[in-house]
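Build the full structure now, drawing on both the sequences and the hints.
Residue numbers (our numbering), protein chains in the order written: chain A, 2 to 356; chain B, 2 to 356.
No wet-lab data here; the hints were simulated from the structure. A hint or two may mislead.
Which copy is meant is left open, so a pair is good if it fits within one copy or across any two.
[Said to hold, decoys possible] Restricting the straight-line Cα-Cα distance to at most 25 Å, the calculated cross-link-like pairs of lysine-lysine (PhoX-like) are: (1) LYS106 to LYS254; (2) LYS212 to LYS267; (3) LYS55 to LYS40; (4) LYS287 to LYS267; (5) LYS323 to LYS274; (6) LYS278 to LYS267; (7) LYS21 to LYS46; (8) LYS212 to LYS254; (9) LYS83 to LYS310; (10) LYS173 to LYS315; (11) LYS106 to LYS348.
The structure displayed is predicted, hence computed values, not measured ones.
There are 2 protein chains.
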Amino acid sequence: MIVLGSTGSIGVNTLNIARKFALNIDVLVAGTNIELLNKQIEEFKPSKVVISRKEDIHKVNHTNVSFGEDSILRAIEESPAKTVVNALVGFLGLRPTLKAIECDKKIALANKESLVVAGKFIDQRKLSPIDSEHFALWYLLQDKKISSMTITASGGSFRDYPLEKLKDVSIKEALNHPNWSMGNKITIDSATMTNKMFELMEAAWLFDIRKLDAIIETRSLIHGLVNFEDGSSTAHIANASMQLPIAYAILGKCDEQVLQPVDLLKVGSLEFKQIDKERYPIWEVKDTILNNLDLGVVLNAANEVAVSKFLNSKIGFLDVSKISLEALEKFSYVKPNSIDDIFEIDKEVRSYYDS
Amino acid sequence: MIVLGSTGSIGVNTLNIARKFALNIDVLVAGTNIELLNKQIEEFKPSKVVISRKEDIHKVNHTNVSFGEDSILRAIEESPAKTVVNALVGFLGLRPTLKAIECDKKIALANKESLVVAGKFIDQRKLSPIDSEHFALWYLLQDKKISSMTITASGGSFRDYPLEKLKDVSIKEALNHPNWSMGNKITIDSATMTNKMFELMEAAWLFDIRKLDAIIETRSLIHGLVNFEDGSSTAHIANASMQLPIAYAILGKCDEQVLQPVDLLKVGSLEFKQIDKERYPIWEVKDTILNNLDLGVVLNAANEVAVSKFLNSKIGFLDVSKISLEALEKFSYVKPNSIDDIFEIDKEVRSYYDS
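Given below as structure tokens:
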């Protein structure tokens, strides 16, 4: 298989699954963590490697190394591998998803932005989501009449932080997620709840449903609930590790132990909280967005620019959501009619804020 | 359909479902609550009524009333109805279950004792359990490799009662269940945790599995969990009302709203506790019993006698479990080879304690 983003947390977990089930790795695609990449090359012996920057090529211990987006797309096209794990971060992940679909490969999709910005134009027939929440929903689906679906949120780095101090938080504090460690972008998205907004949009595309909501479950053990017409709900409970969704996305099914089961007696209690609009201003527009999924590309572009500015100390934490909300207002008219329109709108929104 | 035990809590809920889905009631079988029975007769217009005692016949507003076990069995045999809801309490429920199977009728089974004492000899092909826990497990079953199953317990009337005072509790206190109101027998069984032991034995017969356990979930909103080989669990969440299991047991499926959905934000938190062997001495023999389901008839007979003695102020609360544990020891050798043996053993155990 082809692993896009092999040195990030999803990539590393994907390789854990590959090790466990002795799966072949044909292509590794990574960013700038060449040290880890070299270890992965030694263990998994891919036939090809693609990295971000030309200047790092000489550090990579492999005879077939290239760099940049075009090389990723070519690697997908040329590889005999039938599965692409797309764990790239951001809008950058869209073209590889489209290429993999074009090449009729199976896609295990961890890149949220592909569906968020272009769900309308993505053929889902060979796509499996890698996300605890969507995995949970899929796991729970049965032949019963579904009323709605609920996913859970951890609440992110500032779940219990004094509201009035939110405007002055440091980058370091924002990157300190209570329940697990992930990449910087998604950790910030988690703190602003934009990540959960993305997941709801993905769920809308994946499950063709708009009655969707999210609640905070502080231990991150329940990942999703399906609410049936009869009044019952079912919940998926698992320790927070991406290995399980990855195993299912790659293997289709899995009857071996991948995670330690949750011991509810050790857990003791579970706590549920509302997603408060004051703490998470993006939640203000949840319904607007779920009723107009075309806004995904706008929200994503504005958010990518804003998060990057925050991580470069150019704006404060609360400005991230402010920019997103403002962009949704300003570009509320967008109506993409093709995948080309998506790239156009993305560029337009970015150039408006990227100054 | 035929409703055995129409004036008890399951019976009343069954008639609620019958009202909601406009189901025909052919036979009503009740005990001594003739006032409620007469209301049910007026509304559902059964063709036949059976009650417990001859002396109550003249109080029943119906032209076709008989009494006693033989009349129940005859009613099952003669009725054209295809479904029997068996909500009788105790060993008394066994013969009607057997008769319904003999007549090839569908059985919605709320009588726990049928499976507990004679699971080995019961053909389950037309049987659906009416019990939140077994319904939950059934609801969750999918085509995945199951590792184990967990059901939940409320903890009963004395969950938080000082341990050292348990020996002196009154009948009134014992009948004061924290989460809902049920018949006397099952409320005491719930306080001793014998009810949960019964449910585990039923689950063993229903799902052909021995890796079974129970935990206390104090709000009684999660009813059962299925634990899969991959390390995930799924949970069934619903407000504690028997109407949902009843609707499924009778209708096979149900895509209409029967219960109000659970609002986890209002619930706030869920709490899990171990079933403590000091508080619930019967839990001491859980594994012994699950490994030898033949003991069901012994446990049930001893427990029926003991609960009845407790409710008649002849023994203390802790003696109920003591008698059950003693009987399991004394009659540990039983090996029923036929349904006749079950009736023999039941009689033997009863006559030993019934003095």
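Comparing the hints with the structure gives:
1. LYS106 to LYS254: within (18 Å within a copy, 38 Å between copies)
2. LYS212 to LYS267: between (33 Å within a copy, 19 Å between copies)
3. LYS55 to LYS40: Answer is within; shortest intra-copy Cα gap is 20 Å, inter-copy 85 Å.
4. LYS287 to LYS267: between (35 Å within a copy, 21 Å between copies)
5. LYS323 to LYS274: Only inside one copy: LYS323 and LYS274 sit 23 Å apart there, 44 Å across copies, limit 25 Å.
6. LYS278 to LYS267: between (32 Å within a copy, 17 Å between copies)
7. LYS21 to LYS46: within (16 Å within a copy, 64 Å between copies)
8. LYS212 to LYS254: Answer is between: at 22 Å across copies they meet the 25 Å cutoff, but 27 Å inside does not.
9. LYS83 to LYS310: So LYS83 and LYS310 fail the 25 Å test inside a copy (38 Å) and across (70 Å) alike.
10. LYS173 to LYS315: within (14 Å within a copy, 69 Å between copies)
11. LYS106 to LYS348: neither (28 Å within a copy, 68 Å between copies)
Violated hints, in rising order: 9 and 11; the structure is consistent with all others.
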